[in-house]
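Mind docking chain B with the ligands on chain A? Use the hints.
These protein sequences, in sequence, are chains A and B. For the first sequence, the numbering used here assigns the number 23 to the initial residue and increments by one for each residue that follows. For the second sequence, the numbering used here assigns the number 3 to the initial residue and increments by one for each residue that follows.
Since the hints were made in silico from the structure, they are not lab data. Ideal Cβ positions, reconstructed from N, Cα and C, are used throughout, including at glycine. You may find that some hints are simply not true.
What the hints assert, rightly or not - Label pairs and their in silico Cβ distance ranges:
{"id": "1", "chain 1": "B", "residue 1": "D215", "chain 2": "A", "residue 2": "I146", "range": "49 to 59 Å"}
{"id": "2", "chain 1": "B", "residue 1": "R211", "chain 2": "A", "residue 2": "L284", "range": "55 to 65 Å"}
{"id": "3", "chain 1": "A", "residue 1": "Y249", "chain 2": "B", "residue 2": "G58", "range": "29 to 39 Å"}
{"id": "4", "chain 1": "A", "residue 1": "F128", "chain 2": "B", "residue 2": "D230", "range": "44 to 54 Å"}
{"id": "5", "chain 1": "B", "residue 1": "K125", "chain 2": "A", "residue 2": "A219", "range": "56 to 66 Å"}
{"id": "6", "chain 1": "B", "residue 1": "D156", "chain 2": "A", "residue 2": "E328", "range": "54 to 64 Å"}
Unchecked claim - Below, computed lysine-lysine pairings styled on DSSO-like, alpha-carbon distance capped at 27 Å:
{"id": "7", "chain 1": "B", "residue 1": "K150", "chain 2": "B", "residue 2": "K206"}
{"id": "8", "chain 1": "B", "residue 1": "K125", "chain 2": "A", "residue 2": "K56"}
{"id": "9", "chain 1": "A", "residue 1": "K56", "chain 2": "B", "residue 2": "K90"}
{"id": "10", "chain 1": "B", "residue 1": "K39", "chain 2": "B", "residue 2": "K26"}
{"id": "11", "chain 1": "A", "residue 1": "K56", "chain 2": "B", "residue 2": "K165"}
{"id": "12", "chain 1": "B", "residue 1": "K125", "chain 2": "B", "residue 2": "K142"}
{"id": "13", "chain 1": "A", "residue 1": "K272", "chain 2": "A", "residue 2": "K166"}
{"id": "14", "chain 1": "B", "residue 1": "K125", "chain 2": "B", "residue 2": "K165"}
{"id": "15", "chain 1": "B", "residue 1": "K176", "chain 2": "A", "residue 2": "K56"}
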Amino acid sequence: MPEQLLFAMEVTLNGLMAGVMYALVALGFVLIFKASGIFNFAQGVMALFAAMTFVGIQNGQVPFSHLINAIFGTKIHYFGWELHSMVAILLTVVVMIAMAWAVQRFIFRHLVGQEPIILFMATIGLAYLLEGIADLMWGAEIKKLDVCLTDQTCLPQGINLAIDETTFNLFGYGFFIDNLDITATIVAIILVAILVAFSQYTKQGRAMRAVADDHQAALSVGVSLNYIWILVWSVAGFVALVAGIMWGAKSGVQFSLSLIALKALPVLMLGGFTSIPGAIVGGLIIGVGEKLFEFAIGPMIGGATENWFAYVLALIFLVFRPQGLFGEKIIERV
Amino acid sequence: MLDQTEGYTTADGRKIGGVVMEMKNITLRFGGVVAIKDISFDIREGEIRAIIGPNGAGKSSMLNVISGFYNPQEGEVWYRGSKRPPMKPYQVAQQGIARTFQNIALFEGMTVLDNVMTGRLTKMDANVFRQAIWKGRAEKEEVENREKAERVIDFLEIQHIRKTPVSRLPYGLKKRVELARALVSEPSLLLLDEPMAGMNVEEKEDMSRFILDVNDEFGTTIALIEHDMGVVMDLSDRVVVMDYGKKIGDGTPDEVRNNQDVIDAYLGVAHD
Ligand SMILES: Nc1ncnc2c1ncn2[C@@H]1O[C@H](COP(=O)(O)OP(=O)(O)OP(=O)(O)O)[C@@H](O)[C@H]1O
Ligand SMILES: [Mg+2]
Numbered sequence: 023m024p025e026q027l028l029f030a031m032e033v034t035l036n037g038l039m040a041g042v043m044y045a046l047v048a049l050g051f052v053l054i055f056k057a058s059g060i061f062n063f064a065q066g067v068m069a070l071f072a073a074m075t076f077v078g079i080q081n082g083q084v085p086f087s088h089l090i091n092a093i094f095g096t097k098i099h100y101f102g103w104e105l106h107s108m109v110a111i112l113l114t115v116v117v118m119i120a121m122a123w124a125v126q127r128f129i130f131r132h133l134v135g136q137e138p139i140i141l142f143m144a145t146i147g148l149a150y151l152l153e154g155i156a157d158l159m160w161g162a163e164i165k166k167l168d169v170c171l172t173d174q175t176c177l178p179q180g181i182n183l184a185i186d187e188t189t190f191n192l193f194g195y196g197f198f199i200d201n202l203d204i205t206a207t208i209v210a211i212i213l214v215a216i217l218v219a220f221s222q223y224t225k226q227g228r229a230m231r232a233v234a235d236d237h238q239a240a241l242s243v244g245v246s247l248n249y250i251w252i253l254v255w256s257v258a259g260f261v262a263l264v265a266g267i268m269w270g271a272k273s274g275v276q277f278s279l280s281l282i283a284l285k286a287l288p289v290l291m292l293g294g295f296t297s298i299p300g301a302i303v304g305g306l307i308i309g310v311g312e313k314l315f316e317f318a319i320g321p322m323i324g325g326a327t328e329n330w331f332a333y334v335l336a337l338i339f340l341v342f343r344p345q346g347l348f349g350e351k352i353i354e355r356v
Numbered sequence: 003m004l005d006q007t008e009g010y011t012t013a014d015g016r017k018i019g020g021v022v023m024e025m026k027n028i029t030l031r032f033g034g035v036v037a038i039k040d041i042s043f044d045i046r047e048g049e050i051r052a053i054i055g056p057n058g059a060g061k062s063s064m065l066n067v068i069s070g071f072y073n074p075q076e077g078e079v080w081y082r083g084s085k086r087p088p089m090k091p092y093q094v095a096q097q098g099i100a101r102t103f104q105n106i107a108l109f110e111g112m113t114v115l116d117n118v119m120t121g122r123l124t125k126m127d128a129n130v131f132r133q134a135i136w137k138g139r140a141e142k143e144e145v146e147n148r149e150k151a152e153r154v155i156d157f158l159e160i161q162h163i164r165k166t167p168v169s170r171l172p173y174g175l176k177k178r179v180e181l182a183r184a185l186v187s188e189p190s191l192l193l194l195d196e197p198m199a200g201m202n203v204e205e206k207e208d209m210s211r212f213i214l215d216v217n218d219e220f221g222t223t224i225a226l227i228e229h230d231m232g233v234v235m236d237l238s239d240r241v242v243v244m245d246y247g248k249k250i251g252d253g254t255p256d257e258v259r260n261n262q263d264v265i266d267a268y269l270g271v272a273h274d
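Next comes chain A alone, as it looks inside the complex (with noise of 0.2 Å):
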């Protein structure tokens, strides 16, 4: 095979990689909006939160430290224990439940039947919000983040070079695909193969899906619209924390982390907004395309053209599919 062809597979590769990562900010952006029509502009901010909060808590720091030792005059700082990277997910677990339960309580409850551009202003003001609280909570200095710090539970080091090797011995070329990539595309498997599960086949998925499809409708079936609002604030900080772990693996635990929300837009416009499986396509395909697009025409016209590629294609797919590739198409009454 011609080496360029092979260097194209490559970039292809990295490429859905990446895209894992867009379709998986996208999808927190996407569950809430098919269940209240709220677009949460905060969701970029919640997977800096929870990333923070993971960091926070499984390097056993102390919560508000700042605030309590400005108060006290105390100095503490840190409890002196590191948590195992499992029992740090599901205490940050714990603690995006409760945030989701009261964003609903304090806010959006309040907000019921208001337009949709209330609602988003409203998560605007959440955004800046959270962003205050997990500065407050956790300090603002970038923070290191590792998963395999203090456990086994990672994939064994150096499955890169594996591949590396078998696929140089397939083809005579080896393909280099990062570590870190690869844990985060088995993890969004399995998170979207949980979420399918989760919808399909339990009673609250079901019910889930009822009150996205038709409020008043669920409604007479007995399901309570303010406890599905908080499951699926729950269900999107989830998402929020795994995108966030793995944003913040790569690329340190720091604030710009909540501009991921603004890579989630493209794939929001490519996928459709209300659409699971369109979040993920979408994110595949705004991933693959913009490393091809460096690597072909990249070079040609002065490179850098990750920066904007996605949302050109965006603006493209706005003047010519307004709905997305899965949405469904929007027919004026009149």
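Then chain B with the ligands, alone, in the frame of chain A:
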């Protein structure tokens, strides 16, 4: 004529029991509009109770009050012998009161079977973790729900569209699916808002037969709103007549038919 606790026997010999649902002096306003004005009536165990009246009379509003979608400003709702506090619609549904809507509210993105299955959600076991841990029990429950759903689907003769997405169905069949979803929850009170609106004669006959069969076979108490007077007279045991938010008649179909106020309302005699 009616004994408060004993009930009565219908012309066709069915025994009607005590009061299931009692509305006492209900008043419902929307801003300046008075949709229901000081109305009282009851619904008895095992009967088919009709609510009729011209357009905008407040019939749907009354059904919405019973099902918790609207909360009246004044009056009391008594259900099975106790006064009901203001409730959310989902709580009312969990108490065994199922309903259909005038404008059909189905889950358009789901198949007929999935729609009917949602009717079992009132029996929801609130804990997702319990479902994950006691997989066996959850599975058994799912199988049972599935069987109930299939039975209702057979009963309403919609087997041939079980797997069809609801959005592709014609109006008449949608109405039937909505009835199936309400029935599968095994309601103790079934509320139907114009179950035959927009149907052709044949579909109406089918629907009438289903309503009678439901009442007959499961002893389900039914309150329904209907415009077609012929249908109402055939189906119902007792009729409440509303006009401009007020109750202008209440009794057996024969009594109501001969009530002068009712005749006036239906013939459009000018109100002053
Ligand atoms: N949600 C609402 N907000 C404001 N006004 C309402 C609402 N629901 C009903 N109304 C008003 O209450 C009155 C009664 O309406 P309702 O729908 O109960 O009548 P109806 O007897 O069911 O009529 P139809 O036969 O046309 O279905 C009408 O004037 C209607 O405009
Ligand atoms: Mg009506």
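Hint check results:
1. B:D215 / A:I146: 49 to 59 Å: Holds: the Cβ-Cβ distance is about 55 Å, inside 49 to 59 Å.
2. B:R211 / A:L284: 55 to 65 Å: Holds, at about 59 Å.
3. A:Y249 / B:G58: 29 to 39 Å: 35 Å, holds
4. A:F128 / B:D230: 44 to 54 Å: At 49 Å between Cβs, range holds.
5. B:K125 / A:A219: 56 to 66 Å: 21 Å, violated
6. B:D156 / A:E328: 54 to 64 Å: 58 Å, holds
7. B:K150 / B:K206: 25 Å, holds
8. B:K125 / A:K56: Distance of about 24 Å is within 27 Å: holds.
9. A:K56 / B:K90: 22 Å, holds
10. B:K39 / B:K26: Holds. K39 (chain B) to K26 (chain B) sits at ~11 Å (cutoff 27 Å).
11. A:K56 / B:K165: At roughly 23 Å apart (the allowed maximum being 27 Å), K165 (chain B) and K56 (chain A) satisfy the hint.
12. B:K125 / B:K142: Status holds; Cα separation ~14 Å.
13. A:K272 / A:K166: This hinted pair holds, its Cα atoms lying about 9 Å apart.
14. B:K125 / B:K165: Holds, at roughly 23 Å.
15. B:K176 / A:K56: 23 Å, holds
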